[in-house]
Amino acid sequence: MIQISCPFCGKRDHSEFSYGGDGQINYPPLDASEDTWHDAVFLRENIYGRQIETWQHLYGCRSWLLVERDTRTHEIFSVKLAHSDWQKLMEENR
Amino acid sequence: MTAIRVSQQSSINKHKEEETISFFWNNKKLRARKGDSISAALLANKCQIIGRSFKYHRARGVTSAGVEEAGALVTTGKGAYTEPNVRASTTEISEGLFVYSQNAWPSVRFDMGSILNLFGRFFAAGFYYKTFMGIPPLEWGRGTGIWMFFEKFIRKAAGLGTASRLEDPDSYEHLHTHTDILVIGSGPAGIQATIQAAKTGKDVLLVEQDYAIGGSYLSLLDKSEFKKQTIKLKKHNITVLTRTTAFGLYDDTTVGLVEIICPEERDKKPRKPRQRFHICRTKRLILATGALERNYAFSNNDLPGIMTVSSARTYLNRFQLLVGSNIVISTNNDSAYETGLELETAGASVTILDSREQIADLLLEQILGKRINLYLGSAVAKAKHGVISPCVKHIEIAQKTNDGWRQSGALSCDCLLVSAGWSPVIHLASHQGCPIEWNEENACFISNGDNKSIFFAGSAAGIWQFEDCIQSAKEVAGETRTKGQKPSSIIGGWRTAIAPLYEIRVPTIKGKAFIDLQHDVTASDVRLAHQEGFISVEHLKRYTTLGMATDQGKMGNVIGLALMADALNRPIGDVGVTRFRPPYTSISLGALAGMHRQSHFKPIRKTPFNNWSLANNGIMIDAGLWHRPWYYPKQGENLQDAYIREATITRRSLGICDVSSLGKIMVQGPDSTTFLNRIYTNPFAKLAIGKARYGIILRDDGMVFDDGTTWRLSENSYLMTTTTNHAAAVMATLEELLQTRWPDLRVHVTSVTEQWAGCAIAGPNSRSLLSEIVDDPSEISNETLPFMGVRQVLLQNIPCYIARISFSGERAFEVYIPSDYSHTMMQFIWNKAQKFESCLYGLEALGTMRIEKGHVTGAEIDGRVTIEDIGLGKMASQNKDFVGSALRKREMLTSPNRPQLVGIFPKDKNKTFSAGALLNEAGKRKGHPLGWITAVTYSPALGHWIALGFIEGGLTAVEDKHIVLSDELRSNFLDVEIVSPHMYDPEGKRLHG
Ligand SMILES: [Zn+2]
Chain A
21 MIQISCPFCG KRDHSEFSYG GDGQINYPPL DASEDTWHDA VFLRENIYGR QIETWQHLYG
81 CRSWLLVERD TRTHEIFSVK LAHSDWQKLM EENR
Chain B
177 MTAIRVSQQS SINKHKEEET ISFFWNNKKL RARKGDSISA ALLANKCQII GRSFKYHRAR
237 GVTSAGVEEA GALVTTGKGA YTEPNVRAST TEISEGLFVY SQNAWPSVRF DMGSILNLFG
297 RFFAAGFYYK TFMGIPPLEW GRGTGIWMFF EKFIRKAAGL GTASRLEDPD SYEHLHTHTD
357 ILVIGSGPAG IQATIQAAKT GKDVLLVEQD YAIGGSYLSL LDKSEFKKQT IKLKKHNITV
417 LTRTTAFGLY DDTTVGLVEI ICPEERDKKP RKPRQRFHIC RTKRLILATG ALERNYAFSN
477 NDLPGIMTVS SARTYLNRFQ LLVGSNIVIS TNNDSAYETG LELETAGASV TILDSREQIA
537 DLLLEQILGK RINLYLGSAV AKAKHGVISP CVKHIEIAQK TNDGWRQSGA LSCDCLLVSA
597 GWSPVIHLAS HQGCPIEWNE ENACFISNGD NKSIFFAGSA AGIWQFEDCI QSAKEVAGET
657 RTKGQKPSSI IGGWRTAIAP LYEIRVPTIK GKAFIDLQHD VTASDVRLAH QEGFISVEHL
717 KRYTTLGMAT DQGKMGNVIG LALMADALNR PIGDVGVTRF RPPYTSISLG ALAGMHRQSH
777 FKPIRKTPFN NWSLANNGIM IDAGLWHRPW YYPKQGENLQ DAYIREATIT RRSLGICDVS
837 SLGKIMVQGP DSTTFLNRIY TNPFAKLAIG KARYGIILRD DGMVFDDGTT WRLSENSYLM
897 TTTTNHAAAV MATLEELLQT RWPDLRVHVT SVTEQWAGCA IAGPNSRSLL SEIVDDPSEI
957 SNETLPFMGV RQVLLQNIPC YIARISFSGE RAFEVYIPSD YSHTMMQFIW NKAQKFESCL
1017 YGLEALGTMR IEKGHVTGAE IDGRVTIEDI GLGKMASQNK DFVGSALRKR EMLTSPNRPQ
1077 LVGIFPKDKN KTFSAGALLN EAGKRKGHPL GWITAVTYSP ALGHWIALGF IEGGLTAVED
1137 KHIVLSDELR SNFLDVEIVS PHMYDPEGKR LHG
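So the sequences go chain by chain: A and B. Offset between the first sequence (1-based) and our numbering: plus 20. Offset between the second sequence (1-based) and our numbering: plus 176.
No wet-lab data here; the hints were simulated from the structure. No experiment lies behind these values; they were computed from the predicted model shown. There's no promise every hint is true.
Stated by the list, open to error - Derived lysine-lysine pairs resembling DSBU-like cross-links, with alpha carbons at most 30 Å apart:
| no. | chain 1 | residue 1 | chain 2 | residue 2 |
| --- | --- | --- | --- | --- |
| 1 | B | K1056 | B | K867 |
| 2 | B | K1008 | B | K867 |
| 3 | B | K204 | B | K410 |
| 4 | B | K1056 | A | K100 |
| 5 | B | K576 | B | K546 |
| 6 | B | K1008 | B | K1083 |
| 7 | A | K31 | B | K254 |
| 8 | B | K1008 | A | K100 |
| 9 | B | K444 | B | K378 |
| 10 | B | K1056 | B | K1087 |
| 11 | A | K31 | B | K1083 |
| 12 | B | K650 | B | K688 |
| 13 | B | K222 | B | K688 |
| 14 | B | K628 | B | K569 |
| 15 | B | K378 | A | K31 |
| 16 | B | K628 | A | K31 |
| 17 | B | K1137 | B | K1100 |
| 18 | B | K375 | B | K205 |
| 19 | B | K375 | B | K408 |
| 20 | A | K31 | B | K1100 |
Assemble the whole structure, with the sequences as input and the hints as a guide.
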């Protein structure tokens, strides 16, 4: 029953979103080694506390988001767009 | 116990000709007063035995006047309206209501099952597990077998009410409710908090589980204060919901409410829902949920005629029912005295046994000169029923001595009232994990909420004095209290301290002492659990089933914990409490399902051709959310006749099929080519404009994700198609890659699945048909539109796309029409098709033709296969990197022994088989199979049944082996021949030209 504040759409019920996964994984380039890819795809921390995770506003603007959430209390501390250049893009298109 | 109606001058219902209504108790017509609960109506009609208990079939009567009710569970309604396990204590009687007793045969007064009571010692905690689930060394096999044999008999004998198996004729609603302040409970604290909160100008919602507001006010003799408060309440514009239970507290102070619509209101407006499920979001939650009175364990404490002290007060002052004429009260606290006085005033003779050896002078003064006998340092040790009547008739008294309790005398009575302390209702806070503490001084668990948005007021906070309750309500509602500050009101507040009382055990007295009346859990069960090592509260609960019945141990949990603490010789606070889980009281599944049932269970997706297909005799099948045409039967045809005809005509001449459900994604922007080249395993860097290419997408882990064709429409614009099943997942993945991994790529993806209606036109005559329908037939010649070519063409002056791609293996085209024109255009195409031998074909014939060709779908691409497994290894480029290219090279994924796609023929061509069957070497049918079947069909082209499947090592590994197919479930065993998956036209001659 948590609510997520989408930077575009405002505060919405979590049922509009779909959970992605660990938001702190740095996916390697496509030509990286098998071992590097193995670690990125399969090794996950099981965090007890605050973690950054990805969610998609599936039934809204379809943005992928980085959400900082406490896995114990479900309290959400921050939400931002996952796209690293979004601020620049927004200005260019203003 | 024989209850009688009394007249009280000060009562709020000033006996203005009480309105009477009729109801049915086990089909016998009885009369009740309007406003009675079922319990009150039954008591007024001298019905004392209401049900039979869960395990021992002991007679059970009314034990309370609230949600903690453990004895008076009934079934209401008939047929499809049957509702089992209804608490008689909280359900309003209504005109013509059918009420039935439960778990009794042939009747509640004489129940055959009660013979189980005689064998009670065999039915102690863990009995079923030990006897039937297996005791070493019997647990392997024999024990389980015995359990399976006896289970159905035991399940029939043990239990409560039986639900109807008919469809629920009522409707239910879901609502999203928002408020600033939600107050739960409309007793003195709840009403005060509501008034206080409304004064601040905030939105306030007050909910009450009872059918009348007032809470404990309703149980008071003097109702003047209640009247004053209700007038104040009405002055403010406050939403008040009665019959509404806050059953669960969730994240972000979201409260689950179930509102039962007043039966009378529904009689007037029958289309009203039976219940409403509110998802209520509030900024501040005030729990004025009150406290529940406990009983304690003593021999035969479950006899009809035994109830809590406060419930007798409720029956007296709310329902004008005096529950007995010769009443014994057994208590350990002050709260029982007022009730004792009121019962005496109403005409009963009253004896109070107080387990405390001293009480405050004020209490002594109050009872002075009344017909009240007081025994200090005393408690009930055993209740006894009459010679014929199973109701309480006598009690044995125990007297406190220096070394425990000792039998000290006997009394006769017709009603026994018990009060062994009060448990604040802290369930909702517990749902959200708020801290809960054992308060030794008041012998109860207390929670302070979370000091942020969840607050307690009144006796729910462990505050007993009326004025203190009111003060606490003012504080939590007026928001004067700041974070971390404790309430100024006094927790507790009795004149004489409560003396903990959980069990009276006297060596000279035997008999079952219950702690959980609903599940027949006794004090000795708890001791047995301790003896056998189940000492954690979670184990205790599961081993004895304490607190697992419909009342969730509202009365009994604390007693169980206290007895365990006693056995462990540790303080109760150390033993802990199991976390409460929603729902607080049982709620109906109908309310949770709401309108999401039958055809509204999930959304339906219809293709733009849906109505046209239905009008042309199409039979639909569910494919995910989609309704897709399955087959188009002619007169007298069944599914098999139809699909064989459809596939035959398509291969011989011409067939048309709705393929609109395929996912369609526009990929646009200057970096589209780079993007697609990273997504697909095969090269996309040099796809010419006006050409389509079949491509495969892997997941990061190297497994096959999806496949489809992608068409280059212009320099920077592509139309990607996906499988029907994975359309949404592919779209989300593309968005994820663009937004999170490759933000530098200038690409935009848009789902256009709904914008285009697609139909496949397949068969040797497909081009002939197309030349009839396109405005300029030169555009679709073999030269202008070669295999895998794409063109925008005009059909009836409407711009459409034609792509020459084939799933059937025939010369074929896919025509994409703007959805709005789909119906007319399909009619136009179909009219022109009448010139040829032609048919409409559905999903079944489509499947037949793709199996014949060895084309894979979701049945094969099930998330566990590599690109090599499905025989498409050549499509994985060696010259570029793509999603999944690193991890697909993992050792186990490149093993030549992996199961690979093959075709399967029965050796005897008359035989059939089914998907899911296993493949083995002859004589090695046991154990892990060599392979399995994924899809089967009768092949009209080959004239026998064929299949696709996987087998270890693929075709070459089993060429000289004798392979058998086994389908254990259908007892089908036969010899098969493993062949190439390309079972029909392997060279693909029919596609070209
Ligand atoms: Zn959004």
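Evaluated hints:
1. A distance of roughly 21 Å separates the Cα atoms of K1056(B) and K867(B); the hinted pair therefore holds under the 30 Å criterion.
2. As the CA atoms of K1008(B) and K867(B) are separated by approximately 27 Å, the hinted pair is consistent with the 30 Å bound.
3. Restraint check: the Cα-Cα separation between K204(B) and K410(B) comes to about 41 Å, which exceeds 30 Å; the hinted pair is violated.
4. For the hint pairing K1056(B) with K100(A), the CA-to-CA distance comes to about 33 Å; that exceeds 30 Å, so the pair is violated.
5. Straight-line distance between C-alpha atoms of K576(B) and K546(B) comes to about 25 Å, which keeps the hinted pair within the 30 Å bound.
6. Restraint check: the Cα-Cα separation between K1008(B) and K1083(B) comes to about 43 Å, which exceeds 30 Å; the hinted pair is violated.
7. Distance hint between K31(A) and K254(B) is unfulfilled; the C-alpha atoms sit about 45 Å from each other, more than 30 Å.
8. With a C-alpha separation of about 56 Å, the suggested pairing of K1008(B) with K100(A) is violated against the 30 Å cut-off.
9. Straight-line distance between C-alpha atoms of K444(B) and K378(B) comes to about 34 Å, which puts the hinted pair past the 30 Å bound.
10. Annotation: proposed proximity of K1056(B) to K1087(B) is violated, straight-line Cα distance about 47 Å (limit 30 Å).
11. Of the supplied pair hints, the one linking K31(A) and K1083(B) is violated, its CA atoms being roughly 63 Å apart against a limit of 30 Å.
12. A threshold of 30 Å between alpha carbons decides the hint, and for K650(B) with K688(B) the separation of about 45 Å lies outside it, so the pair is violated.
13. Proposed proximity of K222(B) and K688(B) is supported: the alpha carbons are some 26 Å apart, at most 30 Å.
14. Between the alpha carbons of K628(B) and K569(B) the distance comes to roughly 52 Å, so the proposed pair goes past 30 Å and is violated.
15. Distance restraint check for K378(B) and K31(A): the Cα-Cα separation of roughly 21 Å lies within the 30 Å cut-off, and the hinted pair is therefore satisfied.
16. For the hint pairing K628(B) with K31(A), the CA-to-CA distance comes to about 20 Å; that is within 30 Å, so the pair holds.
17. Distance hint between K1137(B) and K1100(B) is fulfilled; the C-alpha atoms sit about 12 Å from each other, no more than 30 Å.
18. Restraint check: the Cα-Cα separation between K375(B) and K205(B) comes to about 49 Å, which exceeds 30 Å; the hinted pair is violated.
19. Restraint check for K375(B) and K408(B): the C-alpha separation of about 11 Å stays at or below 30 Å, so the hint holds.
20. Proposed proximity of K31(A) and K1100(B) is contradicted: the alpha carbons are some 61 Å apart, above 30 Å.
Hint check: violations occur at hints 3, 4, 6, 7, 8, 9, 10, 11, 12, 14, 18, 20; the rest are consistent with the structure.
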